[in-house]
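Trainee: Chain by chain, the residues run as shown.
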Amino acid sequence: MAVKPLAETDFYKKQIRLALRNCGVIDPESIEEYFAVDGYQALAKALTQMTPEEVTQVVKDSGLRGRGGGGFPTGLKWSFTAQNDADQKYVVCNADEGDPGAFMDRSVLEGDPHAVVEAMAICGYSTGATEGYIYVRAEYPIAVKRLEIAIADAKKHGLLGKNIFGSGFDFDLHIRLGAGAFVCGEETALMTSIEGNRGEPRPRPPYPAVKGLFGKPTTECNVETFANVPQIILKGAEFFAAMGTEKSKGSKVFALGGNINNTGLVEIPMGTKLREVIYEIGGGIPDGRKFKAVQTGGPSGGCIPAEHLDIEIDYDNLSAIGCMIGSGGMIVIDDSKCMVDIARFFLDFTVDESCGKCSPCRIGTKRMLEILDKIIEGNGTLGDVQKLEELAAHIKDSSLCGLGQTAPNPVLATLRFFRDEYIAHVTEKKCPAGVCKAMLNYYIDPEKCIGCTLCARACPTNAISGKVKEVHTIDIDKCIKCGACETACKKHNAVYKA
Amino acid sequence: METVNLKINNMPVAAPKGATILEAARLLGLEIPTLCYLKEVNEIGACRICMVEVKGARSLVTACVYPVTEGMEVFTNTEKVRQSRKLTLELILSTHDRRCLSCIRSGNCELQKLCKEFGVDDETHFEGENIRYSFDDSAAHMVRDNNRCILCRRCIAACKKQDCAVIGANARGFNTHVGSAFERDLADVSCVSCGQCIVNCPTGALCEKDDTDKVLAAINDPDKIVVVHTAPSIRATLGEAFGMHLGTNVEGKMVAALRRLGFDKVFDTDFAADLTIMEEANEFIERVSNGGVLPMITSCSPGWIKYCEHYFPEQIPNISTCKSPQQMAGAIIKSWYAEKNNIDPAKIFCVGIMPCTAKKFETKRDYQNATGYPDVDIALTTRELARMIESAGIYFKHLPDEKFDNPMGDSTGASVIFGATGGVMEATLRTAVETLTGEELRSLDFTEIRGTKGIKEATYKVGDLDVNVCVASGLENARKVLEEIKAGKSKYHFIEIMACPGGCVNGGGQPVQHAVVRNFVDLKGVRAKALYEADAAMPIRKSHANPMIKKLYEEYLGEPGSHKAHKLLHTKYTPRPKYQ
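Here the protein sequences line up with chains A and H, keeping their order. Each residue of the first sequence is one higher than the last, beginning at 1 in our numbering. Each residue of the second sequence is one higher than the last, beginning at 1001 in our numbering.
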């Protein structure tokens, strides 16, 4: 059998490589290899042929939007910082990638660290900042090491430091390690953490462009956003703007995972249909199961059900159905999963990661989780579902930062598309997917049972009664739901749960 | 002044540029409720009570920190806003120790007040986990009960403002709680016991260590002679606890109440303040004439003393060796007064009524027992005294005005202003200038060092000498002044430092005023005004002119700085580590 070129494989056919263009292609620890793929040409072009305003304009015209979750137009963000006069301004790179299962920023930092260094210098030139900080999770030791090498090499080659390319522009970079708090991915919390304080968000306004790091005007962008910048400067705004949809340009990297055949990082042009991602790039759902939903945007996002499989993925389409691209997590869920349980999983994460500063997030998310637990344990009522919705709306509307404001999203989205599952949990005390243990009961199918007694002998609590060669029955009150009977009855498959 | 035009609840208002929605609303007479907000101290937008609707905004907006913009339309009292506040209160209540009856702040609790206003009557609307914390009663001066804490973090901000920052948020999310680093007890960290955290707490999470039982026991002990003396600022604040106007001088009623509580003698700490001036002015003159350590810094504020011992131990020689008025009063009561009246000092139980929680710590310091007995047995805060008066069934507002007992009831205008920042300096100058020059001052008002500014400075001609003086209140200001001394750049000869911003009138033991008062009323200024008015009305306004002070020196001490004065009225300080 002939080996197909990479670009012809199903996984890669519909992908493009922009942010990830150098990942796996060059040696990330060699600045020379980066030079060989036009490295630092964009910085040279910006510093020697363009004014800071022109740089900002190109980024604006490209239509690049923040890849960290907010989707704010990057050029506009840069221009806000540029217009504020100050004795010192900063550029900050948010590399505190925290969504469970997401690793696009990690790949960029480990595979192409110079792209970020170069982009930050360009951003510094455009906004009038002479110092930059990369805030990267300590859990990414390879990324940290490669960034350190990249910065040192760039300094050695005069690409960071004083008077870069003889242009009179100075720019220096520092690395700060995060200590593992999810909330530090929120821009004001991240800056508070860099300043050496407990990583907690602060109220906005004032926005970072006015009063950011150390009280100075600051531009903060995430890794993937920066990774796109050198190409935009080098090839022009039109090159980037040619891809994508009307309001979402370029490409986006997603971390495809969950119940899907092909998992991994996927970079697709904005506007690609979800169906293409799941069934063509992702190769469909394994084990012959049915697609149920895809969770996007991690713990801050929502889920997209099968009815929206033909949605064209971009910022606005997703937010129109209560979802978000977020940083790019994409977890596929098949029909064996309970959506109440899924919502609980993500909420559990945010409860754990709430910084504890504002009351709605600190207490409210915990109360939501407790209500979900009650529902999952089979003790929920319709009133609880109502309370859950009431709380979710409240937390969304009154929390201090993005973490709290989006924390209820997994619950709201599942309530929106899978309300019937919640209702089944609280009214029928049943988990339709058969996931929530408390509501499961084991039964013996009288049609299939041959009275072999294997199940009764396997039962640790003597919950199964029945004579030899007669149909057996399980006493639900005695049953502890250990599943031993089901295992014992493999041959006849008479034990089932419902 | 540049203004911004906006509408709040459809009413137009012009607010100064940079004002917050909260401030703009007040211009229309609208009060937006807050829990965490303290102007310029705690602007963190954490409690989410002050949420309002702003036309066009994506979500509710935090009124306490959100600046107004031209054309903005704000709604402060819509159904949505009220529901949001109600839910937040219900959430806060779900983690709160709701046994209000046994809470020290019941009736004066900002959370309770809001719950009442918003009709939060179902206190179990949200049930679930409720972490129970153990008390921290390790410190001499206060108790922390995190079960009543709502995490508004006003205490943390107040502590940081006091340049100590010994408390902060520990753990995260639902487990977040206020504590010291590594969960150390308050007694084991470099807390200066100023009590600013307590007066800024909206609930009953923080309170002074209650010593009223010990005082009542002494009063009820027939073998004890219980003597009380009251600090200068108490007369300006005690009335607040009984609903009287801010800044009402209640000296006469206070004396009457103390008699009715059963104290055997009611003295005035002001007398001892005059005595402090005699000793301190003398010490200053001696330091200046004999090349002693300068600048000399006042020693009346025990919070400041502890701060210096922890954070600037190398500056200890700059502090005057004079005991504070509270301790001087106790020492004189148990020596001169006891001898005069043939009382065994062992039988005297001396109580100081103080604006201050650090005074509780001060009574337990070393070198504060000149007669072999503690100079002062118990220091009570203004709040504790108010509670004693209340529980004794004394109708404070209707009490007649009574006079202090002698021999320590006579005082001067110089001593009554001790309670306000700048007061000790002014009183010292009145005496020092006249002593050094031998001439009578034409004006006794040193207005340059009055007012609530954090750092004030002036230069006065004292004989041939230009004396540079500085007055600092609040420990963040103290730090600035001390850093200069440390760097050898200080131009001052004499410095007054008070631990609490504004001085004793704003002490950590004073009646608690809600944030809404602290944010919008010049509390320090209003309370201080009562003291300056008392000063102006006094027939004698210079410590050295106090006839009873003269008598004390003639009869007993000899002269300021004498051996006996040193033994009774001066003390020593000890460097303390920041971490134990």
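It should be emphasised that the hints constitute simulated quantities derived from the structure, not laboratory data. Just so you know, even glycine gets a beta-carbon here, dropped at the ideal spot from N, CA and C. There could be a bad hint or two in this list.
To be verified - Restricting the straight-line Cα-Cα distance to at most 30 Å, the calculated cross-link-like pairs of lysine-lysine (DSS-like) are: (1) H/Lys1347 with H/Lys1160; (2) A/Lys211 with H/Lys1397; (3) A/Lys273 with A/Lys45; (4) A/Lys374 with H/Lys1456.
Stated by the list, open to error - Residues from chain A that face chain H, not an exhaustive set, calculated with beta carbons under 10 Å: (5) Thr9; (6) Asp10; (7) Lys14; (8) Gln15; (9) Leu18; (10) Thr350; (11) Pro360; (12) Asp397; (13) Gln405.
Trainee: Does each hint hold? Answer for all of them.
Mentor: Verification of the hints:
no., hint, result
1, H/Lys1347 with H/Lys1160, "violated, 42 Å"
2, A/Lys211 with H/Lys1397, "violated, 51 Å"
3, A/Lys273 with A/Lys45, "violated, 36 Å"
4, A/Lys374 with H/Lys1456, "violated, 61 Å"
5, Thr9, "violated, 42 Å"
6, Asp10, "violated, 40 Å"
7, Lys14, "violated, 34 Å"
8, Gln15, "violated, 34 Å"
9, Leu18, "violated, 30 Å"
10, Thr350, "holds, 9 Å"
11, Pro360, "holds, 5 Å"
12, Asp397, "holds, 5 Å"
13, Gln405, "holds, 7 Å"
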